[in-house]
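Below, each chain spelled out in residue letters.
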Amino acid sequence: MIEVEDLWKRFGTKQAVAGVSFAAQDGQITGLLGPNGAGKTTTLRMLYTLMQPDRGSVRVDGIDAAARPMDVRRRLGALPDARGLYKRLSVRENVEYFARLHGMDRAQATARCTALLQELQMMELADRRTEGFSQGERVKTAIARALVHDPRNVVLDEPANGLDVMATRSLRETLRKLRAQGRCVLMSTHIMQEVVALCDRIVIIAHGRVVADGTPDALREQAQQSNLEEAFMRIIGAAELEGGT
Amino acid sequence: MRAMLIVLGKECIESLRDRRVLLNVLVLGPLLTPMLLLLLMHLIVGREIEKAERPLPVIVVGAQNAPNLVETLRQSGMDPRPAIDDPEAAVRAQRADLVLRIPQRFGEDWRAGRPAQVELIFDSSRQELRGEVQRLQSMIEAYAARTGSLRLLARGLAPSLVNPIVVADRDQATPQARGALLLNMLPYFLILTALIGGMWLAIDATAGERERQSLEPLLVNPVERASVLMGKWLATALFSMASLLLGLFAFLAVGRLLPSDDPGLGLSIGPRFVLVALPVMVPLVLLITMAQVWVASFAKSFREAQTYLGLAQLVPLIPSILLMAVPLRPQLWMSAIPLFSQQITILHLLRGEVVSPLAIAIGAAVSLVAAAGIFWLTLRLYRSERVAISS
Chain E
1 MIEVEDLWKR FGTKQAVAGV SFAAQDGQIT GLLGPNGAGK TTTLRMLYTL MQPDRGSVRV
61 DGIDAAARPM DVRRRLGALP DARGLYKRLS VRENVEYFAR LHGMDRAQAT ARCTALLQEL
121 QMMELADRRT EGFSQGERVK TAIARALVHD PRNVVLDEPA NGLDVMATRS LRETLRKLRA
181 QGRCVLMSTH IMQEVVALCD RIVIIAHGRV VADGTPDALR EQAQQSNLEE AFMRIIGAAE
241 LEGGT
Chain H
1 MRAMLIVLGK ECIESLRDRR VLLNVLVLGP LLTPMLLLLL MHLIVGREIE KAERPLPVIV
61 VGAQNAPNLV ETLRQSGMDP RPAIDDPEAA VRAQRADLVL RIPQRFGEDW RAGRPAQVEL
121 IFDSSRQELR GEVQRLQSMI EAYAARTGSL RLLARGLAPS LVNPIVVADR DQATPQARGA
181 LLLNMLPYFL ILTALIGGMW LAIDATAGER ERQSLEPLLV NPVERASVLM GKWLATALFS
241 MASLLLGLFA FLAVGRLLPS DDPGLGLSIG PRFVLVALPV MVPLVLLITM AQVWVASFAK
301 SFREAQTYLG LAQLVPLIPS ILLMAVPLRP QLWMSAIPLF SQQITILHLL RGEVVSPLAI
361 AIGAAVSLVA AAGIFWLTLR LYRSERVAIS S
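Protein sequences appear in the order of chains E and H.
Take my numbering: the last position of the first sequence gets the number 245, and nothing is skipped along the way.
Take my numbering: the last position of the second sequence gets the number 391, and nothing is skipped along the way.
In short, the hints are calculated from the structure, not lab data.
Please note that a few of the clues may not be correct.
[Stated by the list, open to error] Some, not all, of what chain H presents toward chain E, calculated at C-beta under 7 Å:
1. Ala-3
2. Lys-10
3. Arg-212
4. Gln-213
5. Pro-217
6. Asn-221
7. Val-223
8. Ala-388
Where is the CB? At the ideal position from N, CA and C, for every residue including glycine.
With the sequences and hints as input, model every part of the structure.
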């Protein structure tokens, strides 16, 4: 479970995040939805402890991220916006590197990596070097890398970016599987279809603020629209009027 | 510590699969420099020998005034060239190098036993002609001394009477020292080898990792950033050392190839050189690789880092040029300057001189402290939020 309370972050003159609060529950996929530049990536970066919030707190399974960042990282699998791989290493070596950085010994890392790649149906890729991989193969590998320590909480920044139809389908399957395993899944996206297809709960962010938070049904009701996309547009539009210039 | 080793191992494996790194570490760094050096030395030595034995072309004005003198000089190696007009102007304009003018009254003075004058016209600011001027002067002086002795003998006097003092040259520069004058550049070449050996990895592990967007995922792992940085640094140092080691062995091989009877080139490139040079260089390698990692960490892209580090390769040239231009007498405080200290020690080693363990220790200590300082600076950079963000 991930709890975010009143997060603030400023870069120079730009207030990137201005008081974001929400909670992502175990066994659910929570979608962080918002237009580009709304502060999603910055929020997530503070969540997986890459950045320190100016104000506010992040708790993962009840552990405060500012006080015990290492413990939070152990409980969190992160797929950052930057998902570069080591192209001269094979998929297996890429994943095992992170396994070992998570404290596994060589044998444990190998065993865990094999199990994970089997689960993600990536065994045929396992011993190929990642140079020249397709976008879909790269994201798959990066997800495997993020899951290597079997984290209870999984945070993904725009996981579907640049994926084709097939790869998107397989990604959705993977995320549903993670939910079925009872994990807390939090993903950011600016694509409406993603949240519709996947999310149990949607947090809409605009101008660094949470402008709506609820189940898809609740949001439709709130905006008095039957179509979620229309609801989204209305909510964002309202936020533009309030928070904008 | 454990995480540091894991990072170190991964950087090494990845680099061993990089053909550019291997080319630099195994070939370019260690082989190019001794080869270059060998070429340089043979050129210089070859030219010196050639200069000493080649006929010396001299424009002779008024040769008819002293046919015996000219003939004797010709036998000692002078190549008399036809006279020209206004030799002073010609020398000034560098149309002529060296002119010997024999005045008309030479014969008259000679026969009368008066000092007969000849004039050498040359430009002393032209360094490259100094050897030739000296050669001609000593040829003339030898002829004059011989004639003087004969005249004294003819009058029943011992020629030694006119030489109350004899100066004997006892040049204390050992043959090694004279050879090392050419080789003031050699320590630079060694340091360059270490620089080339570490450069690619330093860039790849920092700016490269950032550019390929793998730094952010890496830093999300539950690992201290100090361990990550340390791993990257030591991997760089390891490759740099490998390059240097290969370079030293290549030197050893080149040392054996050198003809030992070359004048003044009896350099001590032997096992002792390698055995002492290695511990001298290790702290320096740690320092320069740390500096490379630091500089490359500032760059946003691989290319940018390459530009910075390319320029940084010139920094160790400064002590070399200083040592060549200003023949400094090595003093202990100089050992406290990294690069300078090691270059001096390497030079001493090459000359086959005793090297002071204290100087080596001071050099090593200062280098290590400097490396630790730069590590701290780089760590601060790595702990900042912006380092991981590639976009």
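Hints, verified against the model:
1. Taking 7 Å as the C-beta contact cut-off toward chain E, the hint placing Ala-3(H) at the interface holds, the least distance being around 6 Å.
2. A hinted interface residue such as Lys-10(H) counts as satisfied when its beta carbon comes closer than 7 Å to some beta carbon of chain E; here the least separation is about 5 Å, so the hint holds.
3. Interface hint at Arg-212(H): satisfied, since its Cβ lies 4 Å from the closest Cβ of chain E, which is below the 7 Å cut-off.
4. The criterion of a C-beta within 7 Å of any C-beta in chain E is met by Gln-213(H), whose closest approach is roughly 3 Å, and the hint holds.
5. Nearest Cβ of chain E to the Cβ of Pro-217(H): about 6 Å, under the 7 Å cut. The hint holds.
6. With a least beta-carbon distance of about 4 Å to chain E, the hint placing Asn-221(H) at the interface is held under the 7 Å criterion.
7. Using the Cβ-Cβ criterion of 7 Å, the hint placing Val-223(H) at the interface with chain E is satisfied: the shortest such distance is roughly 5 Å.
8. The beta carbon of Ala-388(H) is positioned within 7 Å of a beta carbon in chain E (closest approach about 6 Å), and the interface hint is therefore held.
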